[in-house]
Amino acid sequence: MSEQVIGRFVKVLRGAEVSVSPAETLDAVQVTALLGYQDREALKQGLSLVLAKSEHDKLAFDECFDDFFRFDGVPPVAPDTGSEQPPSLMERLRDMLPGQQGGAGASSALGQQLLADDSAQLSRQMAEAARQVGLDNIRVITQKGLYGRRIMQALGGEALDQEIIALDSSERRQDQRLGAELRSARDQLREAVREYVADQFLLQAREQGRQLREQMLREANLRTLAEFRDVRKQVEKMARRLARKHGRRQRRARRGQLDGRRTTVMALKHGGVPASLVWRRRRIQKPKLMVICDVSSSVSAAARFLLLFLYAVNDVVPSVRSFAFASRFGEVTSLFNTMSSDQAINEVMDRYAGSGTDYGAMLRDFLGQCESDLDQRTTVIILGDARNNDLPAEQQLLGHIGRRCRQVFWLNPEARSRWGSGDSVMSLYQPYCRDALPCSNLAGLERFVDRLLRDLTRG
Amino acid sequence: MKTRILSVAEVRDSFARHGYVCNDRIAMAVYLAAQLRKPVLVEGPPGVGKTELAKASAAFLEAPLIRLQCYEGLDEARALYEWKYGKQLLYTQLLREQLGGRLEGAQGLAESMARLGDLGDAFYSETFLEPRPLLQALRADESPVLLIDEVDKADQEFEAFLLELLSDYQISIPELGTVKARHEPLVFLTSNNSRELSDALKRRCLHLYIPYPDAALEQQIIAARVPEASQALRKQLVDFVQRLRTLDLKKQPAISESIDWARALLLLHVESLDPVLVDSTLNLLLKHEEDVRQVRDDLPSLLK
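Read top to bottom, the protein sequences are chains A and B. Position one of the first sequence corresponds to residue 0 (numbering that gives the first Met the number 0), numbered consecutively onward. Position one of the second sequence corresponds to residue 0 (numbering that gives the first Met the number 0), numbered consecutively onward.
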């Protein structure tokens, strides 16, 4: 019993983005066995200790707990708070279900229960029926009716329906009255079932819905993505994951080989016995990143997300210089230093957005401003569609940049098949880049940043 | 060590007797940790009594407290055990003649090696082992309370190294094999959240978050720690501190700071707060010049 309840509760928690491992689920079962269901507040505190492991998780946990243990028929025992709590399902059922005395007369099992004042028994049966028909699997809102009907069926609704029809067609006055009573009782039961299903749907569908949404956000085109509200959160989440992964790698790369010379010197202290070993420390090369973003209307969405991404992995790559260009070119690093990255990006778009991109001029401007800052630790990333409005491409400048710095990456929001079509000069630039990649969605961006960080932290 | 804890209330009341006033949530964590034999990871802003909790638990359980303070670069040698290199060297020097005697008459290299091999273990034995806090906790004669303080300051590698200890109460030492705890310790880990701890670590622990206390609890705490302060002053003081915490400060005043402040006010024979006095003692509560300046400007409205 306890395992099942906890199992379902954990499912609800996962739906609310609290990650719970099987081991923690077992802990939760132990805690419930220890504390019992009597003291709701104690149970909440106890479960919160084993299931929610960050401040954010605790908040989500509190919400889920209040939701879940209201439905599961665990009575809120604390007597003084009982009056303020929303009525439990059983109580609501008790109010809704008719309580006629002397239910003799109805022949179907369900009819007898409805007429007898046994709503507690009924609500138990309803929960059991819900389990039988697999209400846990409800995913889509349109399935509510289906599951409601199935639960009624499992409760014995068909026999009841037939009985009502039979009673209606009967000649006897008494029978007709009984039929009317049964009908209203059945309608109220239906209503209760519908409400139960709706509640369960809200609890269960969260998890699946979130996964679907995440998947969709990752694969949606960047241009349409900007309209979504919580996409920023998603980007930050992806960036955090990458930062954690590569932050660790950076530290590991620091541990070097045995430094034979210094170990021998140190050993002199101990009469030639190498008592303490000295490790050769690999010098960490601090990578520098320069990002040049085309912010003209056609590709600005991609620029927005790339910048968001790069500034979110700040822990791993602390030194990022960013440049924006459309009709004119300029450095925007200082904006990011003074504002939150979201604000900064909006500001950049306001100042630099325009049309008529000239990539050749951009390369010349960039070299003019930063040539002396380029060195073998610098990675240059250019994001743009390379649609040059039939102006000279000046690819030799890109070649020059490539020789001065460690590597050049080109990100193109257009699909590979469209590179070089129309006024795109992508094919001219491509040979001078270490790699050129399409990035039309978050998944592509994530792949690129992942690869970039791996490359930067290896050295 | 006390082995039977009857209820959460017992923990809470006993803590209160030892001067550690806490709510049910904290007492529940100690109760469950003792019942389930699981470590507790305590998080929360600095100065809310995370370290105190471990000390109070040790006092309550009548168990010795073993403390390991973490810092960047902490390694196994500092946390677990070290060989006493100096002593080993000294012994080899002193025993040189003995060794010479043993090797006397050995035929060829192989036999010498074999004879030396027989005694090799002597130099890696208990005599030369320097136990550090973690090993001390595992080999203690009675079940201790082990406090691993500010685990977030240690490196990720060290965190991973702790996992074996936390889940099985044992540690593998290459030269000695696996050391299992004689008596399972009650482990507290504290973290100031200076970095995110790994999921693997969190999974093995109960997770307790201690926020700043509400006004009622803070008054109780101050009553317990500074009993000489009058009720009226206590209330005024707590109200003021609680109001400070709603401001956007660089570092908010914690419980330890309110206690210090209460003690200072007592020394100054203060009966009630007034702006001049608060102004001159503000740096007991606030540890950043900017915060002091900001609060000083709003003092009249904050003291209302």
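Simulated from the structure, these hints should not be mistaken for laboratory data. Heads up, some of the hints might be wrong.
Claimed, not checked - The calculated DSS-like cross-link candidates involving lysine-lysine, where the alpha carbons are at most 30 Å apart (straight line), are: (1) B:54 with B:86; (2) A:285 with A:268; (3) B:249 with A:236; (4) B:152 with B:249; (5) B:250 with A:236; (6) B:152 with B:234; (7) A:268 with B:83; (8) A:285 with A:143; (9) B:234 with B:249; (10) B:86 with A:285; (11) A:57 with B:250; (12) B:179 with A:57; (13) A:57 with B:86; (14) A:244 with B:152; (15) B:234 with A:268; (16) A:232 with B:152; (17) B:83 with A:57; (18) B:152 with A:236; (19) B:54 with B:249.
Taking the hints in turn, this is what the structure says about them:
Simply put, residue 54 (chain B) and residue 86 (chain B) have alpha-carbon atoms about 34 Å apart, too far for the 30 Å limit, and the pair is violated. About 35 Å separates the Cα atoms of residue 285 (chain A) and residue 268 (chain A), which puts this hinted pair outside 30 Å; it is violated. A threshold of 30 Å between alpha carbons decides the hint, and for residue 249 (chain B) with residue 236 (chain A) the separation of about 26 Å falls inside it, so the pair holds. For the given pair, residue 152 (chain B) sits about 20 Å from residue 249 (chain B) by alpha-carbon distance, which is consistent with the 30 Å threshold.
Of the pairs offered as hints, the one joining residue 250 (chain B) and residue 236 (chain A) holds, with about 27 Å between alpha carbons and a cut-off of 30 Å not exceeded. For the given pair, residue 152 (chain B) sits about 36 Å from residue 234 (chain B) by alpha-carbon distance, which is inconsistent with the 30 Å threshold. Pair hint residue 268 (chain A) plus residue 83 (chain B) holds up; C-alpha atoms about 15 Å apart against a cutoff of 30 Å. A distance of roughly 56 Å separates the Cα atoms of residue 285 (chain A) and residue 143 (chain A); the hinted pair therefore is violated under the 30 Å criterion.
Between residue 234 (chain B) and residue 249 (chain B) the CA atoms are separated by roughly 25 Å; this keeps the pair inside 30 Å, and the hint holds. Using a Cα cut-off of 30 Å, the hinted pair residue 86 (chain B) and residue 285 (chain A) is violated, with the two alpha carbons roughly 42 Å apart. This hinted pair checks out: residue 57 (chain A) and residue 250 (chain B) have alpha carbons roughly 23 Å apart, not beyond 30 Å. Of the supplied pair hints, the one linking residue 179 (chain B) and residue 57 (chain A) is violated, its CA atoms being roughly 34 Å apart against a limit of 30 Å.
The suggested pairing of residue 57 (chain A) with residue 86 (chain B) is violated, with an alpha-carbon distance near 51 Å, which exceeds 30 Å. For the suggested pair residue 244 (chain A) and residue 152 (chain B), the alpha carbons sit about 18 Å apart, so the restraint of at most 30 Å is met. Proximity of residue 234 (chain B) to residue 268 (chain A) is assessed by CA-CA distance (about 63 Å); at most 30 Å being required, the pair is judged violated. Taking the CA atoms of residue 232 (chain A) and residue 152 (chain B), the gap is near 27 Å; set against the 30 Å cutoff, the hint holds.
At roughly 46 Å between alpha-carbon atoms, residue 83 (chain B) and residue 57 (chain A) are farther apart than 30 Å, so this suggested pair is violated. A distance of roughly 23 Å separates the Cα atoms of residue 152 (chain B) and residue 236 (chain A); the hinted pair therefore holds under the 30 Å criterion. Between residue 54 (chain B) and residue 249 (chain B) the alpha-carbon distance is near 29 Å, which keeps this suggested pair within the 30 Å criterion.
Hints 1, 2, 6, 8, 10, 12, 13, 15, 17 from the list above are not met by this structure, while the remaining hints are.
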